[in-house]
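Enquirer: Protein chains in written order, with our numbering: chain A, 1142 to 1607; chain B, 1142 to 1607; chain C, 1142 to 1607; chain D, 1142 to 1607.
No lab work stands behind these hints: they were computed from the structure. Heads up, a few of these hints could be off.
The list treats identical chains as interchangeable, and a pair is accepted whether it falls inside one copy or across any two copies.
Stated by the list, open to error - Listed next, the in silico DMTMM-like pairs over lysine to aspartate or glutamate satisfying Cα-Cα at most 25 Å (straight line):
no., residue 1, residue 2
1, Lys1588, Asp1334
2, Lys1384, Asp1582
3, Lys1453, Asp1353
4, Lys1280, Asp1355
5, Lys1575, Glu1189
6, Lys1564, Asp1494
7, Lys1421, Asp1172
8, Lys1563, Asp1413
9, Lys1564, Glu1604
10, Lys1583, Glu1369
11, Lys1453, Asp1433
12, Lys1564, Asp1413
13, Lys1421, Asp1596
14, Lys1583, Glu1281
15, Lys1222, Asp1473
16, Lys1429, Glu1604
17, Lys1588, Glu1388
This one's a predicted model, so the numbers in the text were calculated from it and none came from an experiment.
Number of protein chains: 4
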Amino acid sequence: MNRNEGVKIVTIGGGSSYTPELMNGFISRYDRLPVREIWLVDIEDGREKLEIVGAMAQRMWDKAGLPVKVHCTLDRREALKGADFVTTQFRVGLLYARIKDERIPFSHGMLGQETNGAGGIFKAFRTIPVILDIVKDMKELCPDAWLINFTNPSGMVTESIIRYGGWKKTMGLCNVPIGCMLNEPALIDKTLDELVFRFAGIDHFHWHRVFDLDGNEVTDQLIEAILEGKKDDGTPANIHEVKWFPEQLRAIGMIPCGYHRYYYLQSDMLADGLSEFNGKGTRAQQVKEVEDQLFELYKDPNLAEMPDLLKKRGGAHYSDVATESIAAIYTDANEHIVCSTVNNGAIPDLPSDAVVQLSTYVGAAGPAAVSFGPLPTAERGWLQCMWNMQRLVEEAAVTGDYGTALQAFALNPQIPSGAEAKKVLDEMLVAHAKYLPQFADKITELKAAGVKPSDPVVLELMEQGL
Amino acid sequence: MNRNEGVKIVTIGGGSSYTPELMNGFISRYDRLPVREIWLVDIEDGREKLEIVGAMAQRMWDKAGLPVKVHCTLDRREALKGADFVTTQFRVGLLYARIKDERIPFSHGMLGQETNGAGGIFKAFRTIPVILDIVKDMKELCPDAWLINFTNPSGMVTESIIRYGGWKKTMGLCNVPIGCMLNEPALIDKTLDELVFRFAGIDHFHWHRVFDLDGNEVTDQLIEAILEGKKDDGTPANIHEVKWFPEQLRAIGMIPCGYHRYYYLQSDMLADGLSEFNGKGTRAQQVKEVEDQLFELYKDPNLAEMPDLLKKRGGAHYSDVATESIAAIYTDANEHIVCSTVNNGAIPDLPSDAVVQLSTYVGAAGPAAVSFGPLPTAERGWLQCMWNMQRLVEEAAVTGDYGTALQAFALNPQIPSGAEAKKVLDEMLVAHAKYLPQFADKITELKAAGVKPSDPVVLELMEQGL
Amino acid sequence: MNRNEGVKIVTIGGGSSYTPELMNGFISRYDRLPVREIWLVDIEDGREKLEIVGAMAQRMWDKAGLPVKVHCTLDRREALKGADFVTTQFRVGLLYARIKDERIPFSHGMLGQETNGAGGIFKAFRTIPVILDIVKDMKELCPDAWLINFTNPSGMVTESIIRYGGWKKTMGLCNVPIGCMLNEPALIDKTLDELVFRFAGIDHFHWHRVFDLDGNEVTDQLIEAILEGKKDDGTPANIHEVKWFPEQLRAIGMIPCGYHRYYYLQSDMLADGLSEFNGKGTRAQQVKEVEDQLFELYKDPNLAEMPDLLKKRGGAHYSDVATESIAAIYTDANEHIVCSTVNNGAIPDLPSDAVVQLSTYVGAAGPAAVSFGPLPTAERGWLQCMWNMQRLVEEAAVTGDYGTALQAFALNPQIPSGAEAKKVLDEMLVAHAKYLPQFADKITELKAAGVKPSDPVVLELMEQGL
Amino acid sequence: MNRNEGVKIVTIGGGSSYTPELMNGFISRYDRLPVREIWLVDIEDGREKLEIVGAMAQRMWDKAGLPVKVHCTLDRREALKGADFVTTQFRVGLLYARIKDERIPFSHGMLGQETNGAGGIFKAFRTIPVILDIVKDMKELCPDAWLINFTNPSGMVTESIIRYGGWKKTMGLCNVPIGCMLNEPALIDKTLDELVFRFAGIDHFHWHRVFDLDGNEVTDQLIEAILEGKKDDGTPANIHEVKWFPEQLRAIGMIPCGYHRYYYLQSDMLADGLSEFNGKGTRAQQVKEVEDQLFELYKDPNLAEMPDLLKKRGGAHYSDVATESIAAIYTDANEHIVCSTVNNGAIPDLPSDAVVQLSTYVGAAGPAAVSFGPLPTAERGWLQCMWNMQRLVEEAAVTGDYGTALQAFALNPQIPSGAEAKKVLDEMLVAHAKYLPQFADKITELKAAGVKPSDPVVLELMEQGL
């Protein structure tokens, strides 16, 4: 990194509605992180959005009075040349794909959860081949750059970058931990800097323990405060707040993340999801509406600030964590950031080469994982189940092996295995055919056998070629 | 063991309908295993059955012309004095309890599987305190005896004997592996002694690989033969033969046990179970009928042979494995027997002190576990999930902690977690109150809150004090 | 901790010649760490030194113009009441004991190395019972305090505090890593804040890797610079600089600590040590002289600054690391400090509950161990050997079991096992009898058999009752 | 294997003086193991011996009246075609090499132990490239054969076969365990079939525990009997019977193998060895004499029985174990045999893919390793040290990397590290140059620097081109 010239940032999926938040993050950290230029990269299908959001981004920098040039391009290789940091926030198949990810499982009475459920599995199938392609380019064009991934499922994608791509200088981000850290202190009348957090698990499936400044654990106090439920405990906006079982939370002795409701309270989360599916539309459909509104706002040539509406988008703080991570690497700040990185023993219940999500101190050498030690019995069982599921998904994403995909579906606790689940798998393969070249043979076979989603919304998207 | 005097066998739960099969096993091995006396022990509620089956057992020995005395007693301590081998086949709460174990979950749309499902969890809750009591007596009355457990859930019970009871000279048996070994060779035109089997997993949740006499693996051939489905592959009679997904079986590369259908094909097994629940009655109800018929047969003073009907009972070969194990220990035969014993590293994916079920060579020092090595990804995930679930059940059984019981329910892949599952847990606690002293406080609380099973069959049993 | 009142520090072994350095550390950190009072605790035998050094310490605070009161006491319990931080720097048997630790092995042609060799083993035998006594007092008198141990062998002592004492709020310090970090950067024309260090191992037996601010590893460059040997590489003053084998250092791929010479270059270190033993006296004897001079200086009522001579003492930077650690805990600074703490998986080649020495980020919840991942083959073997040796020493120290002590001696790579080594063990037991109550029976037996050290210096010390 | 035609055996190193014992083993097992033909393979340098011993072998079969043809050949590939079992007993460089292996270290005051000491390391360097060549031939010429290795260092060679050769159907044999099992029972007035043995460790570095027929451990009784020392405890003839320290043996709680004296009683074993070195010659020199006498005997055309002298050779029972293993595989006998095979978790203190030596049950699928569970502290440390040392040797043998060889030397507990040890390493490289093509560059460099052994016996051998 040439520290005299300022930093070159490349953002893959730059046409995303998140980009203004990302700009905001860089602008507010400019004193620590002297950005020189930002390259927003997208694909042909996203050209229009890229132009809108690129112009908006440039306006933001200009308003801040900072000499940063925002480049918009469809030429990824051009952008990557000499990059210092590459961030990834792309969504293969756009929100249309997520709509399919959610609706097909629901149409068979199952959850299509987009992080580690059936939806997340297919997001991984679509994303992993693309990210490996990006890594290939980076090896050639910017071999010293850091790859800051916040494309979901962030854990699986980051593990694939390291394991299959062989790229070490990376970290995977997620906004769930920062949500917990921002909201929980108030529950016990503390501020964030009066508490020490220790997270461990995998992406969207982690627990944490909390200590006060005297080094004493206050996790139990927090659990009681969460059970009392007086204030916001940081559960992401997109998760229905089904109430935890107090006896279970106390037995855990750690604070689960909001997404654990899909595992500890599965039938209730399913009921909630089905009611949306049958009513106002699934989460993706809701997000799509917000996103359309956002782009309308971004078009306004007078708008040079991140609009409030973006906070409703669901991914709040993602960009904050991303830009903070980059600043921490750049300034060797050894800052506490929760991210996906190589286990190296930190969670001894998983293999050393697993990618896990946990407390790290991020500095110039990247994230230093804080060793957490063995988990309690139940959480060990959950985590071992989920991480092996994650591995199966990655393997299926890379090999296109249908049996492995079936195994991932069967092991996934959100999916009740059996003939119905296999139908979901098959319909999803067909629905996403365009983005799943690795499964091409199997999809051909399925189509020949007449497999086709039955959900009308999905069918309509397919007919539109989306 | 005084080898000059012959062996003293004590069978706890001696009034079981299985006892004649057990006698058969001992009679046919008498040349290797010189039994001196057999003590059948039961409790007051089982006195009548004990007398019937005890008389039948004596007739069997007499007919065989062997000088073995069968003692029937309700005094367990009297029986245990100086025992060489203690076998356990008791069922706390009799088949009535299993009827509740199955019907309550079904009445909420869930499986109540008696091995490792909700039913098995409650069987463990009822059984573990009793077996620990037996161990306490044994320490005092027959400290050198072997405890051969075939009370289900055999894995959890055996692990509790070792971990909480501190009793090392034990092994846990199950009839599933022997079923596989007896039926599978024919599928590829072999005999049992032309194949080498290697099992690994936990009780009712294991896989196996198979080799021929040239040392080459033939597992794949067997998988194809099973998928062709021409002949009986050893799946226990009580499991509906929902068809495996060929792609999944091939991806596994090992042969799962029949019970894996509850995990790989969950929704289909549930549908089957619900249809029985709503129709001819659950498995326990069917077995109850067979058992009643068996006792009618046993009453016949002319009957001195195991009736064919017993084979329909579902536990075929249990006694065969049990008596063979005892003979192998007695004669230091180093025989290949699949049983539950301490892992000691044989399955490196689980802790060394876990109790697992796998291939062992049984001799005078007990079962020598054959190290299996690491499992493939998916099976590692499944096994780690299930064994930790097993540990939670044992811990809840010993401590009576409700939160731990909830955790076991949540982690159990057969049970969709949430409010409905909690209802099942609560109703089962209430329904089995009589046999769950460790949960007494919680049950009092639940009863006060009006928790009560809704299934009429269960309610009727409860009204009858069963 | 009541942050309004200032911090109460208690130093066990307060009469040590190191105390002025410690005071210096506190004085220079007073803006971050508002000390209220310091209690220097010692035993009757150290009363005179305590008074000298205590007066000197008070003069230092006074000269700095800071309102801190230094208390000198022989009443440990009085001192511990309400302590916030307890530091330990005591030496059971004083330097006389170390003289025996070194001379007895040398008199049999072996190394008596005071960290992890025969000397260190006996230092552990003398120290561990005392530290466990201190922990007992702390549980009663200052249950929330942090115990900052820098009594050697720091790793064994810290592990005993945690494992046998059950005290979690502790960390073990050592000045070797800070020595490396201060000296190595210049070897490659960098400054300390331009490099990121990652240490792993156990106390006085660790390796490290180094990265630059671009996140690229520069360990190999450092190795070459060390092999060129142009500048000081941070090897402690007390270690003779026998040259590393270049091929070995390159094969390691990590930088060993200076003490590794006792393992990688054993015969040469022995030759050096024997030449001192036969010449100017062993290291302890040299240190003793420096120490006597130091106390002469401290007596000067005009001296209110740490004298330069102290830097020659061999333990330079110990107090720096100690006071920096306390400040980092107090201010939740998340500072990179290398210390002994619970492994928790950070080095997957050792058990999770092992105490290891490695890079941590120290904040209010204590040291957060950075997971290092698996070591290369040779270093794994060395570390596993040494940590198990450490465990044996601790166990023998606690139980007084002679067989375990023999096992520790045999496994220790510095000690050639056999009859001669057993003689060393026996003579050392006899020579240190006064401080080894746990071995009393064995020592009585040895004395009865006429076991007695043959080294005249040791004999003289014994005759003087030292 | 075509079981109708009889078995084809190939013995690499067929010209060895052991061959008659091997023939004896096959002859006495002919009823179980119908041998068809035996191919004795050797190299040009061994032609004369091969012819002598081949003729002797044929006479033995003829005398036994069995229709087995013994083929002698220098064409290894011809011999391997269609082999069912390949046994390896070759010695690269003959006993001359072992003389160098022992004398060079002794000439520098160190042990040159031929199993796992400096001698063993160089035997591995010479042997591993050759065995990997044999494996390459076998893949082509007899891909279904079993490779029964009893070339030392048997553990390292077997691990290399599996790890670097990728050949699974193998087992490594050693005569030490059988020696223990044959001699120990009498120490406690038992016979072999009244005891159950459980071995664990690595080749020539293992411990065992023993149980009686009641399943109770009798290890402690055996330890006391060994300490009393009334009878032969099975220590191999070539190990000087330095007495164990009773307290250490009791602390171990397991029975070490005779070779553990080199680790537990190092200085005494060294003294013994040096006295032989300076007196009647090292073990290799003694063996050489016996061997010369043996070949004189074998030349006698009337001799058709194994001569008694062979038993003095030191490798007694090797061939017994080898032929018994082959018979156990052929008949699927599940016999208890201690051998080197893949760990697979059996010793959880070592990686799953390590090759270890332990109790197995040998049948058609090869050795089934009995899981032993975690070792006690000291033995865990020893074993982890030694196995990692083993791995370094293998790696250096395959790569020819000098730094790795130095690391192996340093970690080896028999070798005091330092400049002197490096001299030993260097002289041995030069002395064995002919058989170490992988180290050619380094050896050239050493020769250029004038490195040359100083021991006159070694020098003479080198001058003779041996």
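Enquirer: Would you mind marking each hint as holding or not holding in the structure?
Expert: Hints, verified against the model:
1. In the homo-oligomer, the alpha carbons of Lys1588 and Asp1334 never lie at most 25 Å apart, since the shortest distance is 56 Å inside one protomer and 46 Å across protomers.
2. Proximity of Lys1384 to Asp1582 under the C-alpha cut-off of 25 Å is restricted to the inter-copy arrangement: shortest distance 24 Å between copies versus 44 Å within a copy.
3. Neither within a single protomer nor between protomers do Lys1453 and Asp1353 lie at most 25 Å apart by alpha-carbon distance, with minima of 31 Å and 40 Å respectively.
4. Proximity of Lys1280 to Asp1355 under the C-alpha cut-off of 25 Å is restricted to the inter-copy arrangement: shortest distance 16 Å between copies versus 46 Å within a copy.
5. Proximity of Lys1575 to Glu1189 under the C-alpha cut-off of 25 Å is restricted to the intra-copy arrangement: shortest distance 21 Å within a copy versus 70 Å between copies.
6. Proximity of Lys1564 to Asp1494 under the C-alpha cut-off of 25 Å is found in neither arrangement, the shortest distances being 33 Å within a copy and 39 Å between copies.
7. Proximity of Lys1421 and Asp1172 under a CA criterion of 25 Å is satisfied in neither setting, with 44 Å inside one chain copy and 59 Å between copies.
8. Taking CA atoms no more than 25 Å apart as the test, Lys1563 paired with Asp1413 passes in both settings, with 23 Å inside one copy and 18 Å between copies.
9. Taking the shortest Cα distances, Lys1564 and Glu1604 sit within 25 Å of each other inside one copy (20 Å), while across copies they are farther apart (44 Å).
10. Taking the shortest alpha-carbon separations for Lys1583 and Glu1369, only the inter-copy value of 21 Å comes in at or below 25 Å, while the best intra-copy value is 50 Å.
11. Proximity of Lys1453 and Asp1433 under a CA criterion of 25 Å is satisfied intra-copy only: 13 Å inside one chain copy versus 65 Å between copies.
12. Proximity of Lys1564 to Asp1413 under the C-alpha cut-off of 25 Å is found in both arrangements, the shortest distances being 22 Å within a copy and 18 Å between copies.
13. Taking the shortest alpha-carbon separations for Lys1421 and Asp1596, only the intra-copy value of 15 Å comes in at or below 25 Å, while the best inter-copy value is 36 Å.
14. When the C-alpha separation of Lys1583 and Glu1281 is checked against a cutoff of 25 Å, the pair qualifies neither within a copy, at 33 Å, nor between copies, at 36 Å.
15. In the homo-oligomer, the alpha carbons of Lys1222 and Asp1473 lie at most 25 Å apart inside one protomer (24 Å), although the nearest pairing across protomers, at 40 Å, exceeds that limit.
16. Only within a single protomer do Lys1429 and Glu1604 lie at most 25 Å apart by alpha-carbon distance; the minimum there is 19 Å, versus 56 Å between protomers.
17. With identical chains, the CA atoms of Lys1588 and Glu1388 are at most 25 Å apart between copies only, with a shortest distance of 17 Å across copies and 48 Å within one.
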